Every structure is written in structure tokens, then in C-alpha cells.
Amino acid sequence: MKVLVCVKQTFDTEAKIELKDGKISDAGINLIINPYDEVAVEGGIQLKEKKIAKEVVVLTAGTDKGMDAIRTALAMGADRGILVKQDAGADEYARAVALAEAIKAENPNIILAGHVAADDGSSQVPTRVAEILGLPHVNVITAIEIAGDKATCTCEADGGTAVTEVALPAVISSQVSWNEPRYPSMKGIMQAKKKPVATVDAVAVENKTNIIEFALPAAKTAGIKIEDDADVCAVKLAEWMKNTVKVEVK
Amino acid sequence: MAGTWVFVEQKDGNIRKVTFEMLSELKKGGDEVSAVVFGKGVEALAPELAKYGADKVYVADDDIFAAYNTGAYVAQIVAMIKEFSPNALLFAHSFNGRDMASRLAQKLDAGLATDAVAAEISAGKGVFTRAIYAGKALAKVEVAGSPVLATIRPGVWEVGEAAGAGAVVKAAVAATAADVYQVAKDFIPTVSARPDLAEAAVVVSGGRGCKGPDGIKLVEELADLLGAAVGGSRASIDSGWLGHELQVGQTGKVVLPNLYVACGISGAIQHLAGMSSSKFIAAVNTDTEAPIFGVSDFGVVADLFKVIPILVTELKK
Numbered sequence: 579m580k581v582l583v584c585v586k587q588t589f590d591t592e593a594k595i596e597l598k599d600g601k602i603s604d605a606g607i608n609l610i611i612n613p614y615d616e617v618a619v620e621g622g623i624q625l626k627e628k629k630i631a632k633e634v635v636v637l638t639a640g641t642d643k644g645m646d647a648i649r650t651a652l653a654m655g656a657d658r659g660i661l662v663k664q665d666a667g668a669d670e671y672a673r674a675v676a677l678a679e680a681i682k683a684e685n686p687n688i689i690l691a692g693h694v695a696a697d698d699g700s701s702q703v704p705t706r707v708a709e710i711l712g713l714p715h716v717n718v719i720t721a722i723e724i725a726g727d728k729a730t731c732t733c734e735a736d737g738g739t740a741v742t743e744v745a746l747p748a749v750i751s752s753q754v755s756w757n758e759p760r761y762p763s764m765k766g767i768m769q770a771k772k773k774p775v776a777t778v779d780a781v782a783v784e785n786k787t788n789i790i791e792f793a794l795p796a797a798k799t800a801g802i803k804i805e806d807d808a809d810v811c812a813v814k815l816a817e818w819m820k821n822t823v824k825v826e827v828k
Numbered sequence: 015m016a017g018t019w020v021f022v023e024q025k026d027g028n029i030r031k032v033t034f035e036m037l038s039e040l041k042k043g044g045d046e047v048s049a050v051v052f053g054k055g056v057e058a059l060a061p062e063l064a065k066y067g068a069d070k071v072y073v074a075d076d077d078i079f080a081a082y083n084t085g086a087y088v089a090q091i092v093a094m095i096k097e098f099s100p101n102a103l104l105f106a107h108s109f110n111g112r113d114m115a116s117r118l119a120q121k122l123d124a125g126l127a128t129d130a131v132a133a134e135i136s137a138g139k140g141v142f143t144r145a146i147y148a149g150k151a152l153a154k155v156e157v158a159g160s161p162v163l164a165t166i167r168p169g170v171w172e173v174g175e176a177a178g179a180g181a182v183v184k185a186a187v188a189a190t191a192a193d194v195y196q197v198a199k200d201f202i203p204t205v206s207a208r209p210d211l212a213e214a215a216v217v218v219s220g221g222r223g224c225k226g227p228d229g230i231k232l233v234e235e236l237a238d239l240l241g242a243a244v245g246g247s248r249a250s251i252d253s254g255w256l257g258h259e260l261q262v263g264q265t266g267k268v269v270l271p272n273l274y275v276a277c278g279i280s281g282a283i284q285h286l287a288g289m290s291s292s293k294f295i296a297a298v299n300t301d302t303e304a305p306i307f308g309v310s311d312f313g314v315v316a317d318l319f320k321v322i323p324i325l326v327t328e329l330k331k
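Which chain is which? The protein sequence lines are A and B, in order.
Residue numbers for the first sequence, in the working numbering: 579 to 828.
Residue numbers for the second sequence, in the working numbering: 15 to 331.
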């Protein structure tokens, strides 16, 4: 069985966002694998360790900088990588088309991806990829069991937890609580340098959306801060909650 | 053009508040606003939807829609879009809403703005404000299409009663068993007397300063007194004190309550991203330098183990 994992390179979640010339500035920003995708990489590697998967291929679409994300996934234990070169400004539609094209050529049994990216927060791309490929999709999974050509997934759902079964091949999108991604070992990092990475150009498609403006939200300013004995603090906080916020007490 | 459609989020006949938020807001615009509801026995929901502004209620009623499944729901909405040509179709940015909207958008070869916090919709075009980097920045996105597609973040719009006609339009069932590719094996509802984190008016969150389950118990006690949802920072989730579904922040949930109470939370950037749009913020932390105080309307530099019990007593007075 072949597992393919889609990853996106994103800003570190601790990064502070600034604008330069009306665009999001990446100056001095540490880049990481989107945390939701990192979980998908770990999930793929675990399927290989359980002898369910024979090969784990990692795929990204974006600029050359994405090579770092691929190398990190290879250092964790993925077998080889594919970088689909695409403009950083590709929207969810164009990104999904580019990824789907590369996936078609690989013909994997399971396609894993994070259900959302920590940067744009769109949560569209894996679903779009599934639709383009005409495959089933299970979203926001926290556990998976593979038996034959079926995957049974536990999913975070509205108002509870769902258990959903789909036939493979399928696209499976991960929630961060699925697993705890490993840190690459020194040996893994050394091996990753020798693992093959193919580079291809993205199919040219137009975006379907257009970002017309970036802005920063109005900075929230600090209000009252008191340092006093706990009982004095508690009484004042209770007064503020009752009089200013007008909370209802059950 | 059949105005703007709102896809109704409901489970077992209980309509989620975000549906009413979307109807109320769109009704202000003056165009025809319709609710679209899929399920079994859901026609009975029409009067409730009319109360918040639905002029028409499109109903697809069949066993196949009894529970959400992507394939059947998308097949049905595609058929209805073809028949009725709505100008815009808005979904809630819930797990189901974003799943359905994304699959639909791709099927229509269309753009989609997800998790929008503001919308300007005109004929064939929508301009949506999206919070990116979990709210650290905002992007205005233009989406052209027929219909214009978006998912709307719960809690950004006010619910207001505005009577619509609520005329029921029964849609022919277009989805078939062949459209269903997900087999629902089980559903375990979250058993909690507390409101949903994403929709709660008050959220009380605990962080590293809670030190363990005893601290979280205090957070929960305060939350229950305020009818609040309980949340947590990454520290309390990673320590296993709270489930991941309760994480507030960039790799968790973004919340927009009227009041957010941060207990023992220092305020890492990725946590602030998830809660700093709350209307009122209170913080209790022993570290006077904690970044959480930079966004707090009312900050208390004190030990939460001492403050919360007295606060509970005072609030009960």
C-alpha cells in the first residue's frame, strides 16, 4: 500500500505577523510544516511501521522554500518527496488542482493531509483534492484503522465524535490530536539528505479568488490591572463582571 | 436570481445559533433571504427559521439526509442550485459546513471564502473578510461565482428577530444511495451541560498556572456559575488536563465570546490569536509581566487558587 502525505510550509505559530508594502511579511519568520500536516506525516510513518504501508511519499506545492518541509518529513521517516513548483499566491483552487495532478501520477491508496493550515485557515484543499480525484474523503480524524481496502476513522464532528468508514483509495484529513509527531533523529536527518525528491512544475490554472487587501486587526489595549491581596482582587473582579460585563450568574 | 441562501445547521431538529445569525444579518440587506434545510422531518423547522428572517424555506426531506454525509448533501445542493439559481449560498464555518462548502465549490469549479467574519454580497460577487493566521491578520477576499460561496464564522453577527414569510418550497430529492461514500458507523455525542466553545457567550479557560486537575476544577466551577464553556491553552491540553477539542488558539479554536476569563494563562502569541477578539477579557495570573495582561480589560495579578474561590462566593451574592 502506498501512502501519500500532502504538506504545506507555514509560519511558526508563535510568529508575529507584520505587513510590508500591503502584504504579509515573511522577513525573519521561522518556517515549519503546518502542524496539522505534521500529524499527517506522523500518521503515514506509523502506517509504514505497522506494515500496512510499504512507502510514504511526501508532496508539497509552492515555492522552492517548500523543500525544507519535504526534508523535515523525510527526516521523520518518509521515503521520498515531490515538490510541485507553484507561485506563492495560488489560492485553494489552484493549489488543489496542482496537488491532484501530482497525486494522479502516483496513484496512492491513502492520501493524508492536515484538515486545515495554520496560516490561511481555509480548510478547503484536501476536500477539493478528493473531489478532483473523485475519491471519498474523511475530515478531521483523530484515529484510523485500516482493514483490507477499508479505512475506519474516528473524527471530531459537530456536537460529538463520529466513526466513519470509507473504501480506499481515499483522502483522509487529520486533526492535530491524532498523534504526537516525532522529532527527526540525527540519523534521520542524515538519511533524508540522500532520499530522492522530484521537482515538477504545477499545471497552470487561474485562481478563483482574489485577495484585494491585507490588514492587521486593531490592537487590543490593556485596561485595568490590579496587584493586591487575593480577596481584594477577587471582590473587584466580581464587581467588574457584574457591573461592566453584566454577567448572568446561574 | 433567488436571493441569498443560508444552509441550515441542525442536528435532530435543533437549529444551531449561527444559522439565525446568518439569517438575521442578511435580512438587513433587503434582498430575499432563504433558508435551506436538509434532514428527515425538517419541514417543521420552517416557522422557527421564518422568525429570524427566512422568506422561503427550501426543504429536502428524506431518510438519506437524516445525518450529514458529504456525498448526498453535495449532490442535493448541486441539483437545487441548478433549479433555483441562488445569487449566494452561505454555510456556517462548522466541521460540516466547511466540508460541504469545499466539496461543493470544487464540484462547481468555483472559489470559496471560508471562515469569513464580514461579508458584502452583490450580484455574482462577494467580498469577504477572513481572519488569517488565526486572527493575527485580516484578508479581504473577492469571490465571483454563481452562486457566491462562503462559510461564516459563528458569533460574528447578532441574532435579531425579523419576520420572513417562511414559505416552504419542497425540493425534489436528487441524491441517491450511489452518492453516499461515507458509511456512518457510530456517533458519540459530547455529553456536556456546558455550551459549545465556539458559540458560548462566556468562556473560562485554564492554562499552565492551573498546575493540574485541581486547578482545572476551579476553572470549571467558575464556568458553570457563569453558564460558560471551558477552554484551555496549549499547556493544559498537552498536559492532558483538558481534551484537544477545548484548545483555544492557532492550532485549536478561535472564540468570540462576550467575556473571556483567562486563568493561569500567560498569553503566548498563538493563544492570543484565538481569543483576543473577545468583547471583554479578564485575566488572573501571578506573573505581572504576562502578555495576557496586554489584551485584558481587567487583569488581576494574584494566585488563581486563592482568587477563584472568593470570586465564586462574591458572584453568588
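It is possible that some hints are incorrect.
[What the hints assert, rightly or not] Not the full set, but computed from the structure, chain B residues with beta-carbon under 10 Å of chain A:
1) Gly17
2) Ala80
3) Ala81
4) Arg112
5) Lys121
6) Tyr147
7) Gly180
8) Val197
9) Thr204
10) Ile251
11) Ile295
12) Ala296
13) Val309
14) Ala316
Hints listed in this document are in silico derivations from the structure and should not be mistaken for laboratory results.
All values derive from a computational prediction rather than experimental measurement.
Glycine included, each C-beta is placed from N, C-alpha and C at the ideal position.
Tested hints:
{"no.": "1", "hint": "Gly17", "verdict": "22 Å, violated"}
{"no.": "2", "hint": "Ala80", "verdict": "14 Å, violated"}
{"no.": "3", "hint": "Ala81", "verdict": "9 Å, holds"}
{"no.": "4", "hint": "Arg112", "verdict": "5 Å, holds"}
{"no.": "5", "hint": "Lys121", "verdict": "6 Å, holds"}
{"no.": "6", "hint": "Tyr147", "verdict": "5 Å, holds"}
{"no.": "7", "hint": "Gly180", "verdict": "25 Å, violated"}
{"no.": "8", "hint": "Val197", "verdict": "4 Å, holds"}
{"no.": "9", "hint": "Thr204", "verdict": "5 Å, holds"}
{"no.": "10", "hint": "Ile251", "verdict": "8 Å, holds"}
{"no.": "11", "hint": "Ile295", "verdict": "8 Å, holds"}
{"no.": "12", "hint": "Ala296", "verdict": "6 Å, holds"}
{"no.": "13", "hint": "Val309", "verdict": "4 Å, holds"}
{"no.": "14", "hint": "Ala316", "verdict": "4 Å, holds"}
The earlier numbered hints that this structure contradicts are 1, 2 and 7.
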